[in-house]
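Those protein sequence lines, which keep their order, are chains A and B.
If you number the first sequence the way the numbering used here does, the last residue is 86 and the count never jumps.
If you number the second sequence the way the numbering used here does, the last residue is 495 and the count never jumps.
FYI, nobody ran anything at the bench for these hints, they're computed from the structure.
Computed from a prediction, not measured in an experiment: that's the story for all the values here.
Each hint should be verified, as a subset may be incorrect.
[Said to hold, decoys possible] Okay, derived cross-link-like pairs now, DSS-like style, lysine-lysine, Cα gap no bigger than 25 Å in a straight line:
1) LYS14(B) <-> LYS25(A)
2) LYS75(A) <-> LYS462(B)
3) LYS74(A) <-> LYS462(B)
4) LYS61(A) <-> LYS14(B)
5) LYS58(B) <-> LYS14(B)
Residues per chain, in single letters:
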Amino acid sequence: MSKQGCKGCSASVHLSVEDIYEVIKGAEANLQEDLVEEDVYRMRLEICQKCPELLYNTTCKYSGYIVYVLARDKKASCQHPGQQMW
Amino acid sequence: MSKVILNADVKKGKINRNIYGHFSEHLGRCVYEGYWVGEDSAIPNTRGIRNDVVEALKNIKIPVLRWPGGCFADEYHWKDGVGPRENRAKMINTHWGGVVENNHFGTHEFMDLCEQLETEPYICGNVGSGTVQEMSEWVEYMTFDGESPMANWRKENGREDPWKLKYFGVGNENWGCGGNMRPEYYADLYRRYQTYVRNYGDNKIFKIACGPNVDDYHWMEVLMREACRFMDGISLHYYTVTGTWENKGSATDFDEEKWFITLKKSLFMEELIKRHSTIMDKYDPEKRVHLIVDEWGTWHDVEPGTNPGFLYQQNTMRDALVAGITLNIFNKYCDRVQMANIAQTINVLQAVILTRGAEMILTPTYHVFDLYKVHQDADLIDLHLESEDYQWGEEAIPAVSASASMDSNGDINITFCNLKANEEVELESVFNSSAFRIGSITGKVLAADQINAHNTFEEPEKVKPTAFNGARITEEGFSVKLPAASVVLLTLKRE
Numbered sequence: 001m002s003k004q005g006c007k008g009c010s011a012s013v014h015l016s017v018e019d020i021y022e023v024i025k026g027a028e029a030n031l032q033e034d035l036v037e038e039d040v041y042r043m044r045l046e047i048c049q050k051c052p053e054l055l056y057n058t059t060c061k062y063s064g065y066i067v068y069v070l071a072r073d074k075k076a077s078c079q080h081p082g083q084q085m086w
Numbered sequence: 001m002s003k004v005i006l007n008a009d010v011k012k013g014k015i016n017r018n019i020y021g022h023f024s025e026h027l028g029r030c031v032y033e034g035y036w037v038g039e040d041s042a043i044p045n046t047r048g049i050r051n052d053v054v055e056a057l058k059n060i061k062i063p064v065l066r067w068p069g070g071c072f073a074d075e076y077h078w079k080d081g082v083g084p085r086e087n088r089a090k091m092i093n094t095h096w097g098g099v100v101e102n103n104h105f106g107t108h109e110f111m112d113l114c115e116q117l118e119t120e121p122y123i124c125g126n127v128g129s130g131t132v133q134e135m136s137e138w139v140e141y142m143t144f145d146g147e148s149p150m151a152n153w154r155k156e157n158g159r160e161d162p163w164k165l166k167y168f169g170v171g172n173e174n175w176g177c178g179g180n181m182r183p184e185y186y187a188d189l190y191r192r193y194q195t196y197v198r199n200y201g202d203n204k205i206f207k208i209a210c211g212p213n214v215d216d217y218h219w220m221e222v223l224m225r226e227a228c229r230f231m232d233g234i235s236l237h238y239y240t241v242t243g244t245w246e247n248k249g250s251a252t253d254f255d256e257e258k259w260f261i262t263l264k265k266s267l268f269m270e271e272l273i274k275r276h277s278t279i280m281d282k283y284d285p286e287k288r289v290h291l292i293v294d295e296w297g298t299w300h301d302v303e304p305g306t307n308p309g310f311l312y313q314q315n316t317m318r319d320a321l322v323a324g325i326t327l328n329i330f331n332k333y334c335d336r337v338q339m340a341n342i343a344q345t346i347n348v349l350q351a352v353i354l355t356r357g358a359e360m361i362l363t364p365t366y367h368v369f370d371l372y373k374v375h376q377d378a379d380l381i382d383l384h385l386e387s388e389d390y391q392w393g394e395e396a397i398p399a400v401s402a403s404a405s406m407d408s409n410g411d412i413n414i415t416f417c418n419l420k421a422n423e424e425v426e427l428e429s430v431f432n433s434s435a436f437r438i439g440s441i442t443g444k445v446l447a448a449d450q451i452n453a454h455n456t457f458e459e460p461e462k463v464k465p466t467a468f469n470g471a472r473i474t475e476e477g478f479s480v481k482l483p484a485a486s487v488v489l490l491t492l493k494r495e
């Protein structure tokens, strides 16, 4: 059994533009027919980007999802407790 | 046909309930959102701590909780996390790319959580970037009863009486994120730091040294040789990673080959315990020093679409089997393994609970801890297993994992895992006892139609235990048919 690596070095909460693009590409492939229309996506994303609970400019505090993915998912909804915004 | 021989009159030691312990770090959504939502949250809470999570964890009788890390522990400065929350310093947790930490969950909140959970706190101190004074004062702050600068500060911050604190870790992963030390250097540092971890009044601290990563037997050798007499426990960390650290593999999208590889890797825990225990026996033949496996569990790729630094992974029947197999191993070596802490309770790694806003679901791993809680503080019973093989290609592993104990009521509980992904296993027992004649057998089973079955927020009860009727009493003991890819609990009551 080989030595395990250091877990502290394996990932970052901060995503580069390239990282975000990869995440979106992967999500689109998974979602397929569950993708929302572009105008719905833009509307949701605008709300998320103004949300005070958005972390690292990318991440929903309540679900851990990248908002660019969440906003594209037809089945998703805002997870703000007691204050659902979309 | 597999066979199990149970010698119910032969007790092999007490299974310390702390083997069923947990580990929660300031990482992803484990502490924040998992436990802590704040007093003003719309999510029902008691002093900021989620009520639904507390209730679920109390149900599995969580015995001990390790905090605040992990890697985070070795850059955590506890003084930033006490006093009025609005005045607490924000800090950058440099792990995971630089997480902003507002310190709203600190010592008082953690101790309140432990009191709500009715669980023992296990606090990990900072050796990597902290001072001896800082560590010493933390223990004074928490446990000193009387007049002292730290005790007075605790009282000013709203806690008159000291807390009871038993378990204290002197650093975390000091071979890696906790300072990249050599064992010789850490052994000396350990001896120095632990000197100032004082016992105040009747509070007796159980001191835990940072032990090896996986199969670093040299680290164990040096620590036991140089510092054995200054410690009560020494840690061991081992994660089950299906692939490589760079490409760990999906938590939910896997085939039977990956199922087999994962279970085989989880079985490696037994070799680790045996070999580390052999080294420990050399310096501590009385087994005074406990082996504390305070980080273990599966580590998969994060769920697609989630922040990679949050380590949020789903949890399937495969994770349930890893938990069942590993806990059976810990029970078997309960003479040396006295505590274990699965990583990391909520929303991170092999979690028992997942949350999404106000919603909460229980994972298959949660249900394994629920089934296995009968072993807590029970007497381990002598068990010999002659298991058929689970063959995959040219490789083979035992198809069955098992553990048996007698509880305080005199009932015998046996936990079985059938590792075979697609085949039932028939098992005959030979039950030997002069005092216990089997009167009845009842059971529960955790199984599913697919090996990657898991619970989601849309389908939260897809995987949950059900009554099990696959066992019957025989002339020699009992026979049982274990469903494919299952975890089974049998309870034997005497006539």
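Each hint, compared with the structure:
Distance hint between LYS14(B) and LYS25(A) is unfulfilled; the C-alpha atoms sit about 53 Å from each other, more than 25 Å. For the given pair, LYS75(A) sits about 19 Å from LYS462(B) by alpha-carbon distance, which is consistent with the 25 Å threshold. Restraint check for LYS74(A) and LYS462(B): satisfied, since their Cα atoms lie roughly 22 Å apart, inside the 25 Å limit. Distance restraint check for LYS61(A) and LYS14(B): the Cα-Cα separation of roughly 42 Å exceeds the 25 Å cut-off, and the hinted pair is therefore not satisfied.
Under the criterion of a C-alpha separation no larger than 25 Å, the hint pairing LYS58(B) with LYS14(B) is consistent with the structure, at around 22 Å.
Hints 1 and 4 from the earlier list are contradicted by this structure; the remaining hints agree with it.
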